[in-house]
Amino acid sequence: MKGPVSVKIEDVHVAFGHTRVLTGVNLDIEPGEFFAFLGPSGSGKSTLLRAIAGFGPMPGGRILIDGQNVTGLPPWKRNVGMVFQSYALWPHMTVRKNVAFGLEERRVDGKELRRRVDAALDLVGLAEFADRRPAQLSGGQQQRVALARTVVVEPRVLLLDEPLSNLDANLRVQMRRDILDLQRKLSLTTIFVTHDQEEANTMSDRMAVLNDGVIQQVGAPVTLYDRPSNLFVADFLGTANVLKGHFTSDDGGSRFMDETGIEITLDKKVEHEHGAVVLRPQNLTIQSPGAAHATRIIPLSGTVQYVEFLGSIVRYAVQVEPHVILIDESHRQGDRVFQKGESVEVGVDTNYLTTLAQ
Amino acid sequence: MNYFARTSLGPAGVAILLGLFLLVFLVVPVAKVIFVAFQDPNTGALTLVNFADFFNTSLFRESFFNSLYVALMSVVVGSVIAMPLAYFTTRFNFNGAVLIQTLGVIPLIMPPFVGAVAMQLLFGANGSINLLLDEWFGINIPFMEGLNGVILVESIHYFPFILINLSAALNNIDRSMEESAQNLGANGFRLFRRIVFPLAMPGYVAGASLVFLKVFDDLGTPLLLNVNNMLAPQAYLRISSIGISDPMGYVISVILVLFSLFALWTSFLAMRGKEYATVQKGGGGLMKRDLRTWEKVGAYAVVIFTLLIVLSPHIGLTLLSFGTIWSFSVLPDGFTLANYQEVIGTTSDYITNTMLYAGLAALIDVVFGTAIAYLVWRTKLVGRKWLDYLATGALAIPGVVLGIGYLRTFYEVEVPFIGQPLASWWVIIVVALAVRRLPYALRACVAALQQVAVALEEAAENLGATKYRTVKRVVVPLMSGGIIAGFVTSFATAAVELSATIMLVSAESDAPLSYGIYVFMQSAAGRGPGAALGMIAVIIVGVATYLSHRVIERGKREQALDAALAGGV
Amino acid sequence: MTKNTRNFRVAGVLILAASLLTGAPLVRALEDKLVVVTSFPKDLTGAFKAAFEKKHPGVEVEMLKKKTTAGVKYLQETASNNTSDMFWASAPDAFEVLKSDGLLQKYIVKATGIPDMIGAYPINDPDGYYKGFAGAGYGIMWNERYIKAKKLPAPKEWLDLAKPVYHGHVGMSAPSRSGTTHLTVETLLQGEGWDKGWAIWKEIAGNFNTVTERSFGVPDGVNSGQFGLGVVIDFFGLSSQASGFPVQFIYPTVTTLVPANIGIVAKAPHPEAAGAFIEFLMSQQGQELLLDPKIRRLPVRPDMYSKAPGDFPNPFKDKSIGAAVKFDVVKSKNRYNLVNSLFDVMITYRLNDLRAATKAIHDAEAALSGKSNAQAQKLIAEAKALVAAVPIDEAKGLDKDFAGIFKKKRKKATDKVTGRQAEVEAEWDNIIKANYTKAKALAEQAKSML
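Residue numbers (the working numbering), protein chains in the order written: chain A, 1 to 358; chain B, 1 to 569; chain C, 1 to 450.
Simulated from the structure, these hints should not be mistaken for lab results. Do not rely on the hints blindly, as some may be mistaken.
Straight-line C-alpha distance at most 27 Å; calculated BS3-like pairs for lysine-lysine [claimed, not checked]:
#1 Lys317/C / Lys307/C
#2 Lys214/B / Lys77/A
#3 Lys32/B / Lys267/C
#4 Lys359/C / Lys267/C
#5 Lys110/C / Lys267/C
#6 Lys32/B / Lys317/C
#7 Lys156/C / Lys110/C
#8 Lys400/C / Lys333/C
#9 Lys33/C / Lys54/C
Computed Cβ-Cβ distance ranges for the label pairs, DEER-style [said to hold, decoys possible]:
#10 Thr112/C / Ala52/B: 53 to 59 Å
#11 Ala441/C / Phe55/B: 53 to 59 Å
#12 Glu458/B / Glu112/A: 48 to 54 Å
#13 Ala301/B / Ala15/A: 44 to 50 Å
#14 Phe92/B / Ala15/A: 15 to 21 Å
#15 Gln358/A / Ile304/B: 48 to 54 Å
#16 Pro309/C / Asp134/B: 35 to 41 Å
#17 Phe92/B / Arg114/A: 35 to 41 Å
#18 Leu64/A / Ile141/B: 26 to 32 Å
#19 Lys267/C / Gly383/B: 41 to 47 Å
#20 Ile304/B / Asp11/A: 56 to 62 Å
#21 Ala15/A / Glu458/B: 47 to 53 Å
#22 Ala12/B / Lys267/C: 41 to 47 Å
To give a feel for the contact side, a few chain C residues facing chain B, derived at Cβ under 8 Å [stated by the list, open to error]:
#23 Gly191
#24 Glu192
#25 Asp195
#26 Val211
#27 Asn223
#28 Ser283
#29 Gln284
#30 Gln285
#31 Asn430
Ideal Cβ positions, reconstructed from N, Cα and C, are used throughout, including at glycine.
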């Protein structure tokens, strides 16, 4: 079998009638990569996935798989495996029949067919359920059948549409690993769609965040989390405190000024004038007013609005001017927990913040 | 106690009323007629000897097999006609899909007599097509010869039942069911055969069994084509022969009824457990595909050819209604408006009556159909299935039997204040039409109800709505598409009903259009005017059908768009 | 205008004037409504309705169209609460059925000048329950374009229809479906004798294209060219011609004239109006309407023929129409249902077998012509005899007990009849089917020798 292949998306546009769903999408997905499309509902991520499989309206632009332009090819000529969100198992066929379907379409028959179907069912651990009907299986088992049915035909690319959304929480974690294992084992270029950042973070090598049919940022999960390129990405990937304002620069660095008068001095130079400062809760500290702190920490005075004790961390919501700023303080045995209504100082570490252009 | 009162007594009361209605207007009249079948003709004692006679007579055995053959072949031919129409219009972006679907329903509203006359003129041994074939190639194809003619006319007339049910089933298949098959390499006919058709099977079987039943029981077509050796005509000829009170006609009626019920039951059994809940969460509604140019050309060619065939009775009828003399020629000798002028004065009564009767009957049907569907599928009342069986059983009752049964049962019942026998009051025609068309509406309502999730009802009840208000405010609005479809089918077919009507019309001023057409078609000079009247009937009912289709389609489109935008596509 | 109608007019004006002046109920007033159950086409009923309503203003005539058989059924089923006044149809036998069920009432016609017989058939019911108002005779109609295209000769006699050249081109209605057809069948059986009569019918029927369910199906089929020739009652042929269809009609020499009838239903709600309608029908004014080209029926008043167009047949003068056979009404009545049943069993329901046998015989005869082969000739004769064979002889057909099986209107529980119609028919059917199959085989065998 040939090694994993690349997927290249060039300036793809998709519209349903007059409604534009995807605009100017460009992506390079490396061979063997586990790639995620992440975005809220309506962002166009499923449409993009379906376009790769050949479903939906004919897109503008080009889609290349292994260098081959597949844009005009019908779905059945692409050899791209897709697992549907609903699994789309055919209720009138047994598990075995479902899994055999793609091979039969490829004119595989007899012993070879049997061997490969058995192998695929073994791979997903469902050999003993081969003669059941889909309706007699649990959600997780159905998911596995759908996977087996797709990989048995040895597709060039594996597409997963919200693969975990119909499973309960425990199963989801298990399934995440199983899918990853499977992907590594088969070394298949895999693209999956999700609206859940945790899923994207844990599973993908790289991901693309989509919003309103436009790709916001592409990169490894850590990069995107730590270096979001815009407010949407910053906000969508985890909790973020956002302060909007303007920057003034001098030789040494820049100074950020919020509309309400909060000032943060930065030791690096910021090019743009209007923008925002993004502060992750775990990068902030909380202390009693007037307590000593490092020089690069800028203290902002406020009042504790509420406290959530979560065990390993304590989450504080602190009213600073008109803003409510969230702080995650890791909790060690015996640490003091501030109470609601206490006056506190929020410490902003200028090493751990992100500045964004407006 | 309170719980009981709130949840069961209401439905039970409704069920009892519906049961009574069916008992009085279906079971009793039919029983009165077919009772004769169990009477010894010589002594009047109860006996089964008449049934022995039936099976001992080779003519009846032959008739039985002919009826079976014709019914099966009509299903086959009807399927061949319906499948491309249903598939193309539900799966592809097809200009005028609504129009095609409407045209596809038009054959159902072919008024009696005129259809077969028109078909003879076009396809008969000396009809237009054969005259042309003879002139060009010197051949003659026996389209209308004997059983062929019956099969051709019946399948053209009844294939819409397959079309309607198959289209609904196709629309209900989750898009991803097909997409996953395409993704795995299936397309075209293989995709249809392996995935689409099996999933649409319940809808197809529902439609096909309806066609089988209607054809098996149908009387008018074989009679008009002078085919006698089938069961229904044998029954009719024997029942209606002057002065002969041979019980065989009634025996055949009983056999028709029993066999039809048996066929219904078999289709029930065959489909049990196969009602796949194919609409799954998150899958999104149906997505239609664009066709490539050459595919479009092919698809349009198939659709247009099919439409030409299924609309041929109407094409013939149009020619007949505008024609002067049409005799042994490809086209009428000349064209004229005289036929329309002749009927124009007489039609307004017929039209009003038709609209009134068919409208009321269809209204009764959807109200009863919704009620029965709900009682059967959503309550646990004892014997609720029997309501379904009874109402559906009306399918198996030949119109003549019901008509005679009504005369026998209700002639001595005076209507209070009107001072007229119930059997000759115009309302009885409405009741007869309603009973005869109830199965159509019921099936549509059941299909619609099955797509309303129980959770939606539970949510309403959870918020404090009573059963009655839940049905009214949540269930019925969600079923509206199916209810309208049921109304249209009942209305359109009731508007052209004749077999029971002709027994029950007791005053010309009470007569509906189909009766008027019948009156015209009994004389040489009346053929043109009769055809004109038939055209008027087709146009009125056709327009009504088209408009309600538009209403349904608009609702569907809005839903589909909502789903598409919300579903993250 | 005749004296009679003038008197009516004057009376009408006077009555109208009187009622306008006084507002009082009319003396001997007709009821305001008249319900007529009829099988006649709109062309006929419409004309009479209009003329009658004009003559008797205030009476609304309701023409309730039912096929004859359905009309009889309707009157039977509704008798307990009757709302119909009159039954108006062609077939005398339908009236016989109603009469024997006690569903008609007697009426004495006041109009004079109507003879007792038309052709060989009595115009009125001797018991006075129904009246003939017009005559009609059976004949052959054909489509000119059809016979031209198929190069067929025009027929003249019934027997012409049995010629091989007409194979598959002839249509007729079943006697069990059409009372007038029944009379035609019976006339030939009486004129030619039981066995010969049936043999002729089967020779003709061997050429049938179809046996229609409605009597109107025959002219309809000929008019549209579905088949070329039909055995029809005259007004069907003549009115089709009048409507512009390219058809011809002739009376063969052996035919019968039968009256079309009208009777008052027992317990009629509007008896006075019903009586007036009969009188109108018999009056000169009413009879003249029959000459209308769309109606074309033979008046029962001989004096009307002077007003008829030149080619109009006059049964009271032209003795060739309907006079050749002395029609025995009693005989006909006694075996009525039996003849119908025999026809259906032997012809209607076994038409395909009969046609196949006939075709084989025609082919064999054609092959034989000009040659001499005694054995083949014998086989053909045998085949013809088999086709012609009737399961029962005339005596049996007239046997009261046997014919009773086919009547079966048990009046009292003590009435005993042995045997069931279905049983007898099944037995006949087996014989007939075997005969036709064997005849076909014999004819084919004969042909293979030539």
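Results of checking the hints against the structure:
Between the alpha carbons of Lys317/C and Lys307/C the distance comes to roughly 14 Å, so the proposed pair stays at or under 27 Å and holds. Distance restraint check for Lys214/B and Lys77/A: the Cα-Cα separation of roughly 44 Å exceeds the 27 Å cut-off, and the hinted pair is therefore not satisfied. Using a Cα cut-off of 27 Å, the hinted pair Lys32/B and Lys267/C holds, with the two alpha carbons roughly 25 Å apart. Proposed proximity of Lys359/C and Lys267/C is contradicted: the alpha carbons are some 54 Å apart, above 27 Å.
Between Lys110/C and Lys267/C, the direct Cα distance comes to roughly 21 Å. Compliance with the 27 Å bound is thereby established for this hinted pair. Proximity of Lys32/B to Lys317/C is assessed by CA-CA distance (about 53 Å); at most 27 Å being required, the pair is judged violated. Distance check on the hinted pair: Lys156/C and Lys110/C sit about 40 Å apart at the alpha-carbon level, beyond 27 Å; violated. A hinted pair counts as satisfied when its Cα atoms are at most 27 Å apart, and Lys400/C with Lys333/C qualifies at roughly 11 Å.
Between Lys33/C and Lys54/C, the direct Cα distance comes to roughly 13 Å. Compliance with the 27 Å bound is thereby established for this hinted pair. In this structure the hint that Thr112/C and Ala52/B lie 53 to 59 Å apart at CB holds, the actual value being about 58 Å. Taking 53 to 59 Å as the suggested C-beta distance range, the pair Ala441/C and Phe55/B does not conform, at roughly 27 Å. Judged by the Cβ atoms, the range 48 to 54 Å given for Glu458/B and Glu112/A holds: they are separated by roughly 50 Å.
The hinted window of 44 to 50 Å between Ala301/B and Ala15/A is violated, with their beta carbons roughly 30 Å apart. In this structure, Phe92/B and Ala15/A meet the distance hint of 15 to 21 Å, their C-beta atoms being roughly 19 Å apart. Checked against the hint of 48 to 54 Å, the C-beta distance between Gln358/A and Ile304/B comes to roughly 59 Å, which is inconsistent with it. Our hint of 35 to 41 Å for Pro309/C and Asp134/B holds, since their Cβ atoms are close to 38 Å apart.
Between Phe92/B and Arg114/A the beta carbons are some 36 Å apart, a value that agrees with the proposed interval 35 to 41 Å. Taking 26 to 32 Å as the suggested C-beta distance range, the pair Leu64/A and Ile141/B does not conform, at roughly 55 Å. Separation of Lys267/C from Gly383/B is about 44 Å and conforms to the stated range, judged on CB atoms against 41 to 47 Å. Distance hint check: the CB atoms of Ile304/B and Asp11/A are about 40 Å apart, inconsistent with the given range 56 to 62 Å.
The hinted range of 47 to 53 Å is not satisfied by Ala15/A and Glu458/B, whose Cβ atoms lie roughly 39 Å apart. Checked against the hint of 41 to 47 Å, the pair Ala12/B and Lys267/C passes, with Cβ atoms roughly 45 Å apart. With a least beta-carbon distance of about 23 Å to chain B, the hint placing Gly191/C at the interface is violated under the 8 Å criterion. Of the supplied interface hints, the one on Glu192/C is violated, with its beta-carbon coming no nearer than about 25 Å to a beta-carbon of chain B, more than 8 Å.
Interface hint status for Asp195/C: violated, as the beta-carbon distance to the closest one in chain B is roughly 24 Å, over 8 Å. A hinted interface residue such as Val211/C counts as satisfied when its beta carbon comes closer than 8 Å to some beta carbon of chain B; here the least separation is about 6 Å, so the hint holds. Interface hint status for Asn223/C: upheld, as the beta-carbon distance to the closest one in chain B is roughly 6 Å, under 8 Å. Restraint check, Ser283/C versus chain B: the minimum CB separation of about 24 Å is more than 8 Å; hint violated.
With 8 Å as the threshold, the beta carbon of Gln284/C stays out of range of chain B, its nearest partner Cβ sitting at about 25 Å, so the hint is violated. Of the supplied interface hints, the one on Gln285/C is violated, with its beta-carbon coming no nearer than about 22 Å to a beta-carbon of chain B, more than 8 Å. Evaluation of the Asn430/C hint against chain B yields a held restraint, the C-beta minimum of about 7 Å falling below 8 Å.
Of the hints listed earlier, those the structure fails to meet are numbers 2, 4, 6, 7, 11, 13, 15, 18, 20, 21, 23, 24, 25, 28, 29, 30, in rising order.
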